[in-house]
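K.L.:
Listed below are the residues making up each chain.
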Amino acid sequence: MAPPAGQIRPGRYLAIFALIVAALYALVFFTGDGKPYPKLGIDLQGGTRVTLTARTLDGQPPTTESLNQARQIIETRVNGMGVSGSEVTRDGNNLVITVPGEGSEEAKQLGQTAELNFRKVVNMVPAQAPPAGTAPQAATQQPGDQEREIEEAKRTRQSTDPAVQMQALQALDCAADDPLRGNDDPKLPLVACDREGQYKYVLEPVFLEGREISNAQAVPPSPQDPGWKVSLDFKSEGAKVWADFTSANVGQQAAFVLDSEVVSAPTIQRALLGGNAQITGQFNQQSATDLADILKYGSLPLAFDQSEAETVSATLGVASLEAGLLAGGIGLLLVAVYCLLYYRLLGILTILSLALSGVVVYGVLVLLGRWIGFTLDLAGVAGFIIAIGITADSFIVFFERLKDEIREGRTFRSAVPRAWTRARRTILSADTVSFLAAAVLYVLAVGQVKGFAFTLGMSTVLDLVVVFLVTHPLVALASKNKFLSKPSVSGLGAVQRLGNQNRAARKAAVTTAKEA
Amino acid sequence: MKVTTPGTEGARHESVFHRLYVGTGAFDIVGKRARWYVALGLLVLVCLGSIGFKGFNLGIDFEGGTKLQMPAVGAQGPIETDEVQEAFREAVGHPAETVQVVGSGDSQSIQIRTETLTPDQVAAVKQELFTQLQPLDAQGQPNQQVISDSAVSGTWGGEITQQALIALGVFLVLVTVFLAFYFEKWMAVAALIALLHDVVVTAGLYSLIGFEVTPSTVIGLLTILGFSLYDTVVVFDKVKENTRGLLGLTRRTYPEAANLAVNQTLMRSINTSVIALLPVAGLLVVGAGLLGVGMLRDLALVQAIGMLAGVVSSVLLATPLLVDLKMREPKYREHAAKVQQRRERAQAKAAGEDVPEEAPTKQAVTAGAGSARRPSRPSGKAGRPSGKRRR
Chain A
342 MAPPAGQIRP
352 GRYLAIFALI
362 VAALYALVFF
372 TGDGKPYPKL
382 GIDLQGGTRV
392 TLTARTLDGQ
402 PPTTESLNQA
412 RQIIETRVNG
422 MGVSGSEVTR
432 DGNNLVITVP
442 GEGSEEAKQL
452 GQTAELNFRK
462 VVNMVPAQAP
472 PAGTAPQAAT
482 QQPGDQEREI
492 EEAKRTRQST
502 DPAVQMQALQ
512 ALDCAADDPL
522 RGNDDPKLPL
532 VACDREGQYK
542 YVLEPVFLEG
552 REISNAQAVP
562 PSPQDPGWKV
572 SLDFKSEGAK
582 VWADFTSANV
592 GQQAAFVLDS
602 EVVSAPTIQR
612 ALLGGNAQIT
622 GQFNQQSATD
632 LADILKYGSL
642 PLAFDQSEAE
652 TVSATLGVAS
662 LEAGLLAGGI
672 GLLLVAVYCL
682 LYYRLLGILT
692 ILSLALSGVV
702 VYGVLVLLGR
712 WIGFTLDLAG
722 VAGFIIAIGI
732 TADSFIVFFE
742 RLKDEIREGR
752 TFRSAVPRAW
762 TRARRTILSA
772 DTVSFLAAAV
782 LYVLAVGQVK
792 GFAFTLGMST
802 VLDLVVVFLV
812 THPLVALASK
822 NKFLSKPSVS
832 GLGAVQRLGN
842 QNRAARKAAV
852 TTAKEA
Chain B
409 MKVTTPGTEG
419 ARHESVFHRL
429 YVGTGAFDIV
439 GKRARWYVAL
449 GLLVLVCLGS
459 IGFKGFNLGI
469 DFEGGTKLQM
479 PAVGAQGPIE
489 TDEVQEAFRE
499 AVGHPAETVQ
509 VVGSGDSQSI
519 QIRTETLTPD
529 QVAAVKQELF
539 TQLQPLDAQG
549 QPNQQVISDS
559 AVSGTWGGEI
569 TQQALIALGV
579 FLVLVTVFLA
589 FYFEKWMAVA
599 ALIALLHDVV
609 VTAGLYSLIG
619 FEVTPSTVIG
629 LLTILGFSLY
639 DTVVVFDKVK
649 ENTRGLLGLT
659 RRTYPEAANL
669 AVNQTLMRSI
679 NTSVIALLPV
689 AGLLVVGAGL
699 LGVGMLRDLA
709 LVQAIGMLAG
719 VVSSVLLATP
729 LLVDLKMREP
739 KYREHAAKVQ
749 QRRERAQAKA
759 AGEDVPEEAP
769 TKQAVTAGAG
779 SARRPSRPSG
789 KAGRPSGKRR
799 R
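Read top to bottom, the protein sequences are chains A and B. For the first sequence, our numbering assigns the number 342 to the initial residue and increments by one for each residue that follows. For the second sequence, our numbering assigns the number 409 to the initial residue and increments by one for each residue that follows.
Hints are supplied without guarantee of correctness; some may be wrong.
[Said to hold, decoys possible] Calculated cross-link-like contacts (lysine to any residue; reagent style SDA-like; alpha-carbon spacing at most 25 Å):
no.: 1; chain 1: B; residue 1: Lys593; chain 2: A; residue 2: Arg765
no.: 2; chain 1: B; residue 1: Lys593; chain 2: A; residue 2: Phe809
no.: 3; chain 1: B; residue 1: Lys648; chain 2: A; residue 2: Arg765
no.: 4; chain 1: A; residue 1: Lys528; chain 2: B; residue 2: Ala546
no.: 5; chain 1: B; residue 1: Lys648; chain 2: A; residue 2: Phe776
no.: 6; chain 1: A; residue 1: Lys380; chain 2: B; residue 2: Thr526
no.: 7; chain 1: A; residue 1: Lys576; chain 2: B; residue 2: Asp545
no.: 8; chain 1: A; residue 1: Lys380; chain 2: B; residue 2: Lys593
no.: 9; chain 1: B; residue 1: Lys648; chain 2: A; residue 2: Lys380
no.: 10; chain 1: B; residue 1: Lys648; chain 2: B; residue 2: Ala546
No lab work stands behind these hints: they were computed from the structure.
Work out the full structure, taking the sequences as your base and the hints as a guide.
P.N.:
See below:
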């Protein structure tokens, strides 16, 4: 039996909502790690966040390609720190490094581009294919293991004892991940592979740092000089060191070592006194440009400025989280009290709807953290708190319409369907505007705004779900219940009295009009 | 004849709150629009003047600098700001810009602000602070990790602001399209003017009072726009409903219908603002009171100011503006004249018949005519019953 037009079957809507909640929490508890906790930002759990802004020489926005490349390189460095839960994300022209927990301050150095050093080559051997059966290093490592590995690598590969060096050279597997990456001590010798994994080197301590390079560029072939090459300019201090070194080591190889990897190891053909050098070899345009970029920027295809760097202690993080929850709690409580005083029964429905809305929001939050890596930060918490008002407002729009209808002389029961059809339109359009604002903010804004906009937008959407599937059906149910629709319970007494008066007035008016 | 106006009489004698609650429409907001224009115009002028001459109190994110924060309790008891300043000087060689105690209770902490330090300097300061002052962690143990630091480059705040301005532009365009599509032309215009009012007033109050502007503030300002429009949308929705088919009847003029709409949504506007402001107040109390500084406080403050401005403008500015804009169209002016004519005729007729108990002139003067005269049929079904009545 279909309900009359404008009426709904409240039970059906509530059942759909219950199904949604059940499905949501089934996903929360039975997929992924099954832990019902959202992913927290470092400002709520402690850790380090660094925002790096790409800087280009010509002021043009950097290409997506080079940003992604930089992101990958920095990510490798971050993973080298061995802190689980670290990540590097792209945000517009920025890269954001987040490393949770204590001891994460190293992350501030990761965006630096000058991990390039010059070392003299002592010995060079071709790298053999890795011995069969060597298991690749496990992807998930405990932080402690990582540290031990670095210590171990330092002990063998940075030893000053030639015998140990030879052993290390033999044992070095160029196909495996290098625990020493970027962690080598410049004052000690180093045993390292080249980037392609074709040669292994024994190198002397660093004699010149990469930051002494003032410029590097790829030089196209010319008639006198066929083949691409890379031209290199040094700053004054570096030029002096370079001149001394090349004078003393003609015929020897100098290795450009980047993050503990040999990028290039050209042979010095003559003393270079002008603070300038040219590297020739089997270059094509691509490889020459790549090498020039590496020499100029370190391994990153772009230079980055550190726009924002923050280390939050776990104590402060927890305090912020507690403050956020407290603020939310106070907010909810105030809203609940106000609604109860003002709307009585409808107030209870509001509180119930808000609570259910909170349940849905929390579930979605956990799942989003799991699926798209959404992290809840302080700004996001603020977004939720501010969204309480927007969520509650949908109910208010509905209730005020209800009062309008009752004021016109309708009963609570007959007012509900009419009020709903009208309120629904208003709620939809008003929520559209809110959502629009949040979406624009999310897409265009940088930094922590994103979390704020995301939670605000998400709350707006979920608000619609709750209003449609819970609040309206509950009000419809209440209007059909004798006890609940008593004026003293529903809190609509004053309006109802006015409505009755109006009804009487209308009857009288009609009578008068007929008389006239 | 005695029963014609019970609703009105009842409402007239009730308290302001009761009139608000039942929404009988006894406040003449549209009729007195000139005074709102003057008041809000003055406010906007003051705000613009302050922005122009006084400017803003920009936070650390716009100048660049380093901030360090640590608990205010050490192994030797509460930590004094002098001690912190001393330790800082020993580590870096010069004093910090400011050292202050922020927050309260367990969350109380000491905040140091200085020009940008290198990572090595930050490490040195942290080491020095730890050795000298032994700040305690949550377990009551001295721990160097409890010292937080944040560094911001001088261009970061600017970049955030630039992005926010781009976002503002895009948002305004999208919203204009949405409003023009959903409402009518003049409604979109009025809503946008009200929106600009909110932005200017909020920014102006920040400038006037000298609150610190941080990127969080700039962001907050953008969300206010959403809220302000939201409020206006709800009011205009009612105006739209009340004025449907208005021109075909001579029951009430456009200004009267609009005033009725404002009154009917007035309680909702107030409720909405109160309910939206309550959580923000919670945020403000906790953010400013407990933590002392930071994003929560900044966001809450700008929201609180902006929401108040938004509600004021959607009630006192948006609808009156809409009425003025509408009345520029001849058909609405002609319609208003027709309504007036009919009323005069009815009045003359009533006067000719007997002594009018209803005293229509008095009512028309007191409160936006239509609304006060006919509270019995406030919403929705404009016209139909009155058509019946005239027969």
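K.L.:
Has the given pair, Lys648/B with Lys380/A, been kept, meaning a C-alpha gap of at most 25 Å?
P.N.:
violated, 45 Å
K.L.:
Checking one constraint from the list: CA of Lys648/B to CA of Arg765/A, max 25 Å. Satisfied?
P.N.:
holds, 15 Å
K.L.:
Taken at face value, is the distance from the CA of Phe776/A to the CA of Lys648/B at most 25 Å?
P.N.:
holds, 22 Å
K.L.:
Does Arg765/A sit within 25 Å of Lys593/B, going by the straight-line distance between their CA atoms?
P.N.:
Distance ~23 Å between Lys593/B and Arg765/A Cα, so the pair holds.
K.L.:
Taken at face value, is the distance from the CA of Asp545/B to the CA of Lys576/A at most 25 Å?
P.N.:
With a Cα-Cα distance of about 46 Å, the restraint between Lys576/A and Asp545/B is violated, given a limit of 25 Å.
K.L.:
Are the Cα positions of Lys593/B and Phe809/A separated by 25 Å at most?
P.N.:
violated, 30 Å
K.L.:
Would the hint linking Lys528/A and Ala546/B be met if the CA-CA limit is 25 Å?
P.N.:
Violated, at about 40 Å.
K.L.:
Mind checking the alpha carbons of Lys380/A and Lys593/B for me, to see if they're no more than 25 Å apart?
P.N.:
violated, 45 Å
K.L.:
Need the status of pair Lys380/A, Thr526/B: alpha-carbon distance at most 25 Å?
P.N.:
Answer violated: Lys380/A to Thr526/B is near 31 Å, above 25 Å.
K.L.:
Hey, Lys648/B versus Ala546/B, does the alpha-carbon distance stay inside 25 Å?
P.N.:
violated, 58 Å
Hints 2, 4, 6, 7, 8, 9 and 10, counting from the list given before, are not met by this structure.
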